[in-house]
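Novice: Quick note, the sequences are listed as chains E and X, same order. Counting in the numbering used here, the first sequence runs from 1 upward without gaps. Counting in the numbering used here, the second sequence runs from 1001 upward without gaps.
Hints in this document: simulated from the structure, not taken from any laboratory. Incorrect hints may appear among the rest.
[What the hints assert, rightly or not] Partial list, derived from the structure: chain E residues whose beta carbon lies under 7 Å from chain X: (1) Phe45; (2) Ser48; (3) Glu56.
Glycine is no exception: its CB is placed at the ideal position from the N, C-alpha and C atoms.
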Amino acid sequence: EPEVTQTPSHQVTQMGQEVILRCVPISNHLYFYWYRQILGQKVEFLVSFYNNEISEKSEIFDDQFSVERPDGSNFTLKIRSTKLEDSAMYFCASSAQDLRNQPQHFGDGTRLSIL
Amino acid sequence: AQTVTQSQPEMSVQEAETVTLSCTYDTSESDYYLFWYKQPPSRQMILVIRQEAYKQQNATENRFSVNFQKAAKSFSLKISDSQLGDAAMYFCAYRSGSNTGKLIFGQGTTLQVKP
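Construct the entire structure; sequences and hints are all you get.
Specialist: Next comes the structure, spelled out in structure tokens:
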């Protein structure tokens, strides 16, 4: 069964540095999402992406964050000037064209640790 | 804004027994979808079951079923004949019927299955 894959599984970064989290969605999916889960807390929506543009973003997704689909297969989340509170598990998800009937498929996540 | 509440941080069940996980939500929308996701220790979130709000019939997937009470805004998950592999964090999630597709998650319930 096709899967969403995320790399790396664990990223350790110094505070203030930039980090790029990578995701390869399921190949025929058109909608892409990033979520984060701070340790011990609920999963929170960050951003949704369709047709090469952001379709919705949360209050968390400020100017520090950006997303890109650079080559038609990868979907990346960039975090500039990382802060300690950015430490979390970041999940990528994708869904097929018909949102009403298709669930989101999640990757294994990237654990981001900011030192 | 929509909210999802899971009031049981932890639950335990004896193997082969039945357990019910609670979820309530708040929304002013009439068109929406509800989901239960399972997150085993391996971290990937897996869709367990989904329910369309316009359907009165409760969804069922093998040993998993829901009790969807639209007026009460309640969406509980029943796991029958619990197995050791059911041990995981379970998240209830809401998705609007609009095209944004974002999921709003509850806090999660950790299910322990005792042999």
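Novice: So, Ser48 (chain E) near chain X? Judge it on the closest CB pair being under 7 Å.
Specialist: Nearest chain X Cβ about 6 Å off; hint holds.
Novice: Taking the least C-beta to C-beta distance, is Phe45 (chain E) closer than 7 Å to chain X?
Specialist: Holds - the Cβ of Phe45 (chain E) comes within 7 Å of chain X, reaching about 4 Å at its closest.
Novice: Min Cβ distance, Glu56 (chain E) to chain X: is it shorter than 7 Å?
Specialist: holds (4 Å)
The earlier numbered hints are all upheld by this structure, with none contradicted.
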